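*Asks:* The lines below spell out each chain.
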Amino acid sequence: MQNESVVLLTIVTESSIETKLIETIKAQGAQGYTITDARGEGSRGLRSGSWGEESNIRVEVLCSAAIAEKIESTVQAKFYKHFAMVMYNHPVNVLRPDKF
Amino acid sequence: MSFDPILLFFILGLLSGVVRSPLRLPPQAYELVSIILLLAIGLKGGVELSSTSFMSLLPQILVVAAMGLALPLLAFPVLKIAGRFPRADAASIAAHYGSVSVGTYAVAAAYLANLGVTFEAHMPLLLVILEVPAIIVGVWLAKGAAANGQWRSLAHEIFSGKGIVLLLGGLAIGWIAGKDGVATIEPLFFDAFKGVLALFLLEMGVITASKLGDLKKYGFFLVIFAIGMPLVSAIIGGWLGLCLSLSVGGTAMLATLAASASYIAVPAAMRISVPEANPSLSLTASLGLTFPFNVLVGIPLYLEIARWLHA
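Line by line, the protein sequences are chains W and F.
Using our numbering, the first residue of the first sequence is number 1, and each one after it goes up by one.
Using our numbering, the first residue of the second sequence is number 1, and each one after it goes up by one.
In short, the hints are calculated from the structure, not lab data.
Source: prediction; values computed, not measured.
Treat the hints with care, since some could be wrong.
[To be verified] Below, a sample of chain W positions facing chain F; criterion: calculated Cβ distance under 10 angstroms:
#  : residue
1  : GLU14
2  : SER16
3  : ILE17
4  : THR19
5  : LYS20
6  : ASP37
7  : ARG44
8  : GLU54
9  : SER55
10 : PHE79
11 : LYS81
12 : HIS82
13 : PHE83
Built from N, CA and C at the ideal position, the CB exists for glycine as well.
Chain W extracted, bound-state conformation:
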């Protein structure tokens, strides 16, 4: 009932690109996603989350390793250059792996 090939892909980025990012993720075949508001600090400075233009989101996607790879390369090409963004993935054990 558990499936090692499901990965959790996490993207932390600017909330201003939420709509475009989600479009991109879905176009690569992701079945769903979860977004939470986030704040923190990185190479682009403090992202305090205190108001619209300075807020971050954390997008989590559960998908197959193959889809994760597709998402990663597309997102990287589209957004890495101009937007504050980090992206990482790790294998996870999930119930009902057929959902992803």
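For chain W, the structure is supplied; the task is to place chain F on it using the hints.
*Replies:* Coordinates of chain F only, in the frame set by chain W:
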């Protein structure tokens, strides 16, 4: 000189930001406060519009839209040549300064009301009109013909933005409901306006303080521009107000609208449409300097300019 308490809230926010107090409005509360302000401004204008004919306002609408197109065209070469900013950055900053700040408008409305100076009640309509053209000019300046494929998504970004939806929505509700209809929601939107504005300014003070540190990074030219540009724009706005035979209050309002720099609608649209522009550059200028300058010094000055023009 008597200080309006709402300005003291702004200064309190500034000071607490400077001493790094953890004070801040919860993001959702700030969101709510700005929603109430936008709706209140829209409603107020809408109620008055219900007793005016649209056609009589058309000349004003056209002139104000033209001003929105012209201001960024004026700012762009200054930023690009004198300021030596890269094209995208110059275009983005120019767009910020051609558009308007609703927060500044709200403070000016409260300031004039305090002094008993009346102004044309359809000002919120001009506020909405002035938000848009600068964004289009900014994207065009940054991208030129390359922007052609983008206009659809840009239009969606602009017109679905929170500011435009709430201002236009408020105008429509006020217009449809009329004065009597709106009476039932007056306690929240009109009576509590200044209290809500005080909370908004408290948070704006904190945000402004957080931008002040960045000023050092960007050098002296940006400081000069962030103060100089509003002054030049205010004179243009005031002069246009006079040409449109607005009242003294209305002229001061139009000068304030021209002088204010956007920090909500334009940054959001520019981030999507001109991602290569550095967003922190324009926000540091518009929030770190122009907003506090307008709120604390500019608005009274623009009223004086309006009085002088009308004298």
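*Asks:* So which of those numbered hints doesn't the model satisfy?
*Replies:* none
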